[in-house]
Amino acid sequence: MLKFPIYMDNHATTPVDPRVLEAMLPFFTERFGNAASRNHAFGWQAEEAVETGRKQIADLIGASAKEIVITSGATESDNLAIKGVAEMYREKGNHIITVVTEHKAVLDTCKRLEKHGFEVTYLRVRRDGLIDLDDLKRAITDKTILVTVMMVNNEVGVIQPIAEIGRIARDRGVVFHTDAVQGAGKIPFDVNGFNVDLASLSAHKMYGPKGVGALYVRRKNPRVLVAPIIDGGGHERGMRSGTLNVPGIVGFGKAAEICRQEMAVESVRIRALRDRLNAGLHANLDEIHVNGSLEHRVPNNLNVSFAYVEGESLLMGISDVAVSSGSACTSASLEPSYVLKALGTGDDLAHSSIRFGLGRFNTEEEVDHVVRRVTEVVTRLREMSPLYDLAKEGVDLKKVEWQK
Amino acid sequence: MAYSDKVLDHYNAPRNVGALPKDDATVGTGLVGAPECGDVMKLQVKVNPATGVIDDAKFKTFGCGSAIASSSLATEWLKGKTLEQALEIKNSAIAEELSLPPVKIHCSVLAEDAIKAAIEDYKRKQAEGNANGKGTAAAAGEKAATA
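For the protein sequence lines, the chains are A and B, in the order given. The numbering of the first sequence is my numbering, which starts it at 1 and goes up by one. The numbering of the second sequence is my numbering, which starts it at 1 and goes up by one.
I should point out that these hints are in silico values taken from the structure, not numbers from a laboratory. Take every hint as true, because none was put in to throw you off.
Here are the simulated DSS-like pairs of lysine-lysine, each with C-alpha atoms no more than 25 Å apart in a straight line: (1) A:Lys137 to A:Lys83; (2) A:Lys220 to A:Lys92; (3) A:Lys399 to B:Lys22; (4) A:Lys399 to B:Lys116; (5) A:Lys392 to B:Lys22; (6) A:Lys398 to B:Lys22.
Here are the simulated distance ranges between beta carbons: (7) B:Gly80 to A:Asp368: 39 to 47 Å; (8) A:Glu287 to B:Lys116: 30 to 38 Å; (9) A:Thr13 to B:Asp55: 49 to 57 Å.
We put the CB at the ideal spot given by N, CA and C, even for glycine.
Use the sequences and the hints to build the structure in full.
Now the structure itself:
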């Protein structure tokens, strides 16, 4: 039996896995201690639970537990990594390299640093959404202190060549940070194999709770230092003060452990669902375009533009399915997705884009329902689209002088 | 974002979707907006040249639910109005009727623009037809339809 609405927006957030919730619950009530309380059993219990969680998170990415700094989420992790390196390595240089398609937590942090005398290079991406490694090599100067490139894009799901980027940064002696929020737990990630120095993680993107994240900070070969952005009691080896979110960390740890154990099987299952969705849509509808590389993409993402149909009106029509759109009308800024624009997707197709984010709890039956609903609604909206009419008449929409 | 009941109603059961023959001298066509802005409205009116009353109105819209609802409502209001009355339809009235939130006001503005463009096209055709001494013209129309 299908249950509505169907959730297919797992890049935005994921539900907490019941196994994760079960692990967390005791830490709200009986085991409520403060992990920083050093002289009674409540504190010891909490500290032990935190260290177990930290180890589970570290194991997911091939790190050691001491390299995991707990934060409130990946936005904070990105801020800590970038601002922390900027402050710590200021003597060495003032140049940062990032990419135009990064998450706003990275871009806006870089923009703020630009106001404080830092110079930022924003690498472009190719049509497939990936950066050109030669662009990166050329951008590095003797003033470069940080390269920050996301592992997986949150809109189009494309996977950047992290290992190659890590190699380049390491060879040039530049710290490498990756926002790994959409990749960790979905695809293999080994901080040593990939030469990553700093990595942002979030629990709620991997079936853990909201409000807890982590920053991986390399401790050796080389040792990387970040200045704190939150001062206080000196928690997390001075890098992030504040009482630890014990139930959150327990949940994050459990979620990471499940991802590590089940990734191999789960990714095959989810990829099959994604491919079924893609094939179904292509079989039923013409003039649809997958945005970004399908080959270099996480198994759970599909980002598609349905030409001649505006994204928000499509979302309205498939109201029993939760997905998101790159249309301006769904954003506060009234600008269509900057990620799709960076890929060279025209504004018209950016307005027509839908992001499907599959997850652990989606089923084949749900995918089939989504294919049916999207087909119905796209067909109906195209029947009332003046653009579809013009295109069918053979008018080149790009050459029309629109009255804006 | 929550939609008003009236927007939902027009979105789910749009009135007067379709097309009128754009080469007909009694039909005025307005095509406004741009695909890269996420909104394109085509609105057409069929006018009785003798009375100046709009007998029929049709639309096709590429845009969000509020844009579809604004154009659907506009066609409903246009039918039976004289050209002068039609030109008095203001975007604020459309926005109020549909309870559009501030970020969607531009949808109602576009609908008003579409009404004006359609009527202008009709008047231009009539003028050209008269100038050609045929009373009604068959030529016009092209500009708006391919505009």
